[in-house]
Amino acid sequence: MSRLRDRLEAGEFVVTGELAPPLGTDLTPMRVAAETLGPVCDAINVTDNQGASLHLSSLAASRVVLDMGVEPIFQQTCRDRNRLALQSDLLAAWTLGLTNLLVVTGDDPRGGDHPEAKGVFDLDSTQLAQVARGFNEGHDMKGRDLKGATDFFIGAAMFPEAEPWDVQRARIEEKIAAGVRFFQTQAIFDIDKLARATEVAHANGAKVIAGILVLRSPRVITFINERLAGLMVPDHIADRIRAAADPGEEAVKLATEQAEQLRDVADGIHVMALGLDTAVPRIVRDAGIRV
Amino acid sequence: MIITRPRDWDRVRAQIADLGATRVFIMGCGECATVANTGGEKEVLEAKARLEAEGVVVTGWSVGEVACHSGGQRLEARKHAGELEAADAVLVLACGAGVQTMADATSKPVTPGLESVFLGNVVRHGVFEERCQMCGDCVLDRTAGICPVTTCPKGLLNGPCGGMWNGMCEVLTDRECTHVAIRRRLAEQHRDKGTEPLPPKDYSKKLKPGRVDTRAERSAHNAAARTKAGEGA
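Chains as they are written, first to last, in my numbering: chain G, 4 to 294; chain C, 6 to 238.
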């Protein structure tokens, strides 16, 4: 059962959020985040050792979120596991009741908190999507029948603003052919670039959930530009936040405007609150997406 | 060409000290380590001077033709038998293969003086680049002669990943993304249409440990040919 799939397939505009499992076993902050985001989101991404830094596994955390009555999107990166472990965890995810899956490459370990770690990358994200599609069809990577298949709603990441475009377009098409049914994008600052990517996805039968960042402080912008791969905050946006008397408030206004604009182009929004989870209900409400 | 780098000298000294060695024989390599400026005659003599300045007796030294050649290394050991016998340990300035060949050729404890880092292309004198990881399952026919397994820092077969920005690599930010380069060359050669993603790699083809016996292969081939000829007659 996936409400996210049902709503997207019904042509309804969806909202997804994001939470990071803890470094440790105290689930309280994660539960608070799920309680804040749950009522305004159709599903919440549960990240997998995000930023190549150690966290509780997405598998366990996704189940915790599910048990709270909130629909998780189980994220799986190719960085930390070989094909045996990836397949094994996919089977585990399905038996734990997780239906939404986001397959991503994963950041390189050299940029994380265990820079000495071996990056596995036995499969890449396209190949992992193919594996998940195979599971949905009832067979493993070796073509053997599974005793009990899966029915994952398979998603992948999309980077509409990273040039060259012809490369991105080819990636979108390849991922869809591999079994991807929805994309979640990196933060969108250029609607035209998103529109051309959405056109390709729609032509191939996939949905696009567009990313929004809550750029709550100048410090966050610096962090994104210097440390986050595949993303740059354009100057006119950065200047607006930096010049604001209340950057947090300005970031929420900006995110709300972006959400309104994205309603005409995308199939949903993915709000990355960067710690300002409490702003998400307001953004969603003020953009007129949920009343 | 096997590319080597000098091992941290404090570590080399600690290894020698741990062996309780006060008298050392130094073995270099006339092939790769000479080209890489890490284990040729010049570097062997530098190591000798350094050890002697630190109070270690160097009983002798040699730079054989190829440090990883078993027969050649045994010959070197015989030629320097007296100097080796007088030593407590052997310091080898060669790749890991050379160190092990020497360890097989002498009864003395052998210790490495270099780090073996990659199979390198010689870009120009003294400049080396890794272009092949010897995976045993070549994909260069599909990737326009650019190896993603080696030159993509994540070793992804299909890319780019989400870190690519303006055609540049996320991990090595001063380098073009390998997958952008591959796709551009495929397009230039009109080979970019209708291509399927590369399938997962067959890591069982990476022989680990590697061993090839072309003599046994040839004998088997000849035996099969004889049998066939016999059947024909």
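Hints listed in this document are in silico derivations from the structure and should not be mistaken for laboratory results. Worth double-checking, as some hints may not be accurate.
No more than 20 Å apart at the CA atoms, straight line, and that leaves these computed lysine to any residue pairs for SDA-like [to be verified]:
| hint | chain 1 | residue 1 | chain 2 | residue 2 |
| --- | --- | --- | --- | --- |
| 1 | G | Lys121 | C | Asp146 |
| 2 | C | Lys211 | G | Gly291 |
| 3 | C | Lys53 | C | Arg10 |
| 4 | C | Lys206 | C | Lys113 |
| 5 | G | Lys145 | C | Lys206 |
| 6 | C | Lys210 | C | Met139 |
| 7 | C | Lys213 | G | Thr281 |
| 8 | G | Lys121 | C | Ser209 |
| 9 | C | Lys211 | C | Arg79 |
| 10 | G | Lys196 | C | Met173 |
| 11 | C | Lys206 | G | Arg86 |
| 12 | G | Lys256 | G | Gly291 |
| 13 | C | Lys198 | G | Leu87 |
| 14 | G | Lys121 | C | Thr219 |
| 15 | C | Lys211 | G | Lys150 |
| 16 | C | Lys211 | G | Asp125 |
| 17 | C | Lys206 | G | Lys256 |
| 18 | C | Lys113 | C | Cys137 |
| 19 | C | Lys113 | C | Val61 |
| 20 | C | Lys113 | C | Met139 |
| 21 | C | Lys113 | C | Cys143 |
| 22 | C | Lys213 | C | Leu124 |
| 23 | C | Lys211 | C | Gly131 |
| 24 | C | Lys206 | G | Ala88 |
| 25 | G | Lys121 | C | Val61 |
| 26 | C | Lys113 | C | Leu124 |
| 27 | C | Lys206 | G | Val203 |
| 28 | C | Lys213 | C | Asp146 |
| 29 | C | Lys198 | G | Ala206 |
| 30 | G | Lys150 | G | Leu94 |
| 31 | C | Lys198 | G | Val203 |
| 32 | G | Lys256 | G | Ala206 |
| 33 | C | Lys210 | C | Lys113 |
| 34 | C | Lys113 | C | Thr64 |
| 35 | C | Lys198 | G | Asp169 |
| 36 | G | Lys121 | G | Glu176 |
| 37 | C | Lys206 | G | Leu87 |
| 38 | G | Lys256 | G | Asp242 |
Hints, one by one, checked against the model:
1. G:Lys121 to C:Asp146: violated (28 Å)
2. C:Lys211 to G:Gly291: It is violated: about 56 Å lies between the C-alpha atoms, which goes past 20 Å.
3. C:Lys53 to C:Arg10: holds (17 Å)
4. C:Lys206 to C:Lys113: violated (41 Å)
5. G:Lys145 to C:Lys206: Answer holds: Lys145 (chain G) to Lys206 (chain C) is near 13 Å, not above 20 Å.
6. C:Lys210 to C:Met139: holds (10 Å)
7. C:Lys213 to G:Thr281: Not OK: Lys213 (chain C) and Thr281 (chain G) at ~53 Å, beyond 20 Å, violated.
8. G:Lys121 to C:Ser209: OK: Lys121 (chain G) and Ser209 (chain C) at ~19 Å, within 20 Å.
9. C:Lys211 to C:Arg79: Violated: Lys211 (chain C) and Arg79 (chain C) sit about 29 Å apart, past 20 Å.
10. G:Lys196 to C:Met173: holds (19 Å)
11. C:Lys206 to G:Arg86: holds (11 Å)
12. G:Lys256 to G:Gly291: Holds, at roughly 13 Å.
13. C:Lys198 to G:Leu87: violated (32 Å)
14. G:Lys121 to C:Thr219: Given that 20 Å is the threshold and the Cα spacing comes to 34 Å, the pair is violated.
15. C:Lys211 to G:Lys150: Given pair Lys211 (chain C), Lys150 (chain G) is violated - Cα atoms ~31 Å apart, limit 20 Å.
16. C:Lys211 to G:Asp125: It holds: about 13 Å lies between the C-alpha atoms, which stays within 20 Å.
17. C:Lys206 to G:Lys256: violated (47 Å)
18. C:Lys113 to C:Cys137: violated (34 Å)
19. C:Lys113 to C:Val61: holds (16 Å)
20. C:Lys113 to C:Met139: Measuring from Cα to Cα gives roughly 32 Å; hence the hint is violated.
21. C:Lys113 to C:Cys143: violated (40 Å)
22. C:Lys213 to C:Leu124: With a Cα-Cα distance of about 16 Å, the restraint between Lys213 (chain C) and Leu124 (chain C) holds, given a limit of 20 Å.
23. C:Lys211 to C:Gly131: violated (29 Å)
24. C:Lys206 to G:Ala88: holds (16 Å)
25. G:Lys121 to C:Val61: Roughly 38 Å between the alpha carbons, so the hint for Lys121 (chain G) and Val61 (chain C) is violated.
26. C:Lys113 to C:Leu124: It is violated: about 29 Å lies between the C-alpha atoms, which goes past 20 Å.
27. C:Lys206 to G:Val203: violated (29 Å)
28. C:Lys213 to C:Asp146: violated (24 Å)
29. C:Lys198 to G:Ala206: holds (18 Å)
30. G:Lys150 to G:Leu94: Roughly 10 Å separates the two Cα atoms, so the pair holds.
31. C:Lys198 to G:Val203: Holds, at about 16 Å.
32. G:Lys256 to G:Ala206: violated (32 Å)
33. C:Lys210 to C:Lys113: violated (36 Å)
34. C:Lys113 to C:Thr64: holds (13 Å)
35. C:Lys198 to G:Asp169: holds (12 Å)
36. G:Lys121 to G:Glu176: violated (30 Å)
37. C:Lys206 to G:Leu87: holds (13 Å)
38. G:Lys256 to G:Asp242: OK: Lys256 (chain G) and Asp242 (chain G) at ~14 Å, within 20 Å.
In the structure shown, a violation is registered for the earlier hints numbered 1, 2, 4, 7, 9, 13, 14, 15, 17, 18, 20, 21, 23, 25, 26, 27, 28, 32, 33, 36, in ascending order.
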